[in-house]
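**Student:** Residue numbers (our numbering), protein chains in the order written: chain A, 363 to 501; chain B, 363 to 501; chain C, 363 to 501.
The set of hints was computed from the structure by calculation and includes no laboratory data. Heads up, a few of these hints could be off.
What the hints assert, rightly or not - In silico DSSO-like cross-links for lysine-lysine, where the CA-CA straight-line distance does not exceed 27 Å: (1) A/K364 to B/K364; (2) A/K364 to C/K377; (3) B/K364 to C/K364.
Note that this is a predicted model, so its numbers are computed, not measured.
Letter by letter, the chains look like this.
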Amino acid sequence: MKQFHHFLPVSTSGKGLYEITGEVCGWVRQTGLVSGLLTLFVQHTSASLVVQENADPDVVADLETFLERLAPEDNRLYRHTIEGSDDMPAHIRAALTQTHLSIPLAAGRLALGAWQGIYLFEHRGARCRRTVALHLIGE
Amino acid sequence: MKQFHHFLPVSTSGKGLYEITGEVCGWVRQTGLVSGLLTLFVQHTSASLVVQENADPDVVADLETFLERLAPEDNRLYRHTIEGSDDMPAHIRAALTQTHLSIPLAAGRLALGAWQGIYLFEHRGARCRRTVALHLIGE
Amino acid sequence: MKQFHHFLPVSTSGKGLYEITGEVCGWVRQTGLVSGLLTLFVQHTSASLVVQENADPDVVADLETFLERLAPEDNRLYRHTIEGSDDMPAHIRAALTQTHLSIPLAAGRLALGAWQGIYLFEHRGARCRRTVALHLIGE
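For reference, chain A alone in the conformation it holds in the complex (with noise of 0.2 Å):
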């Protein structure tokens, strides 16, 4: 049994998800285990991860669109609000969403289903430099 790290530096400009499977997928495959469990944390509470479809890039801004409304801008509704009109609501959709996320990788492959791709959802507006933290175990 063997077990790999990396952080996987990410560039957001803005709210929205970016997607990192290609980049994932690309390590996992670098450090030639064939079957094991990944993991990726992300370094920050005003950003997040989720695994969504990639087929209709409507789904993500839909995702977008709702956590908008669900935890809105507003300076009224928080007492934490000297970084911003964007972070208190960001803390809670990153909370809503996930912090980490783990994927078994069986037969050299990641068990992702056929439409599933792994986002970094960033919460603030501003242009900001994120890190994932990725693990590996296996064999």
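Let chain A serve as the given structure and place chains B and C on it in line with the hints.
**Tutor:** Showing chains B and C alone in chain A's frame:
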């Protein structure tokens, strides 16, 4: 250290929570491992996973109703409507719950609390065949 | 490759977020492992886990208030009312946040970002004794 994979099929017949605790525990037992980490990953973006109370069936019914209100079937709210009025709400409900779960296996049993059951949460109205990828690592 | 288990007790005194980063890091240090994967699993369905900002305490207070509004204590909304008006909202809030977390351990430290803390999120009003199952695999 050893690891095992399994792809668990789950047939659903409409929205709701389908308990899979028994099937999952049965498979874990078959592997012969007594200490390790179990991971479940649902290979779909319109179904998800949750751990919930399995004592009073009203709990999962209320959870279902809550999400029905939170992300209603109303085409005016979404761009992605071509797969039916239940599809985009299904993606939202999946994003708000879990794509995967990891549960320690300690002293021969999964570390579930007294009232915790593992559920596949179906978010679409039609009959579906779902698959949950299972991975167990340990000894 | 080695693995370790621990059951961490957490005493709560009403709704809110209880930081457990220190206890968790302390246990990880005791195991002597420097590279691996840590998993936390909460053995309850009316408490949950989140990673959130631990710099400004207003963040977790706002998250708490947001969920209070989203899943209010109002018996008219739920069938499951026999365990008190805070119980069904607690199950919903648990389902919307996390039952488990996995965090890589790299170069002797958990891969938490600069402002990330690990919290047990208590959703019930009364004093409770909670247990978080910890599992660490690595070397």
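**Student:** Kindly indicate which numbered hints from before are broken by the structure, ordering the numbers from low to high.
**Tutor:** 2
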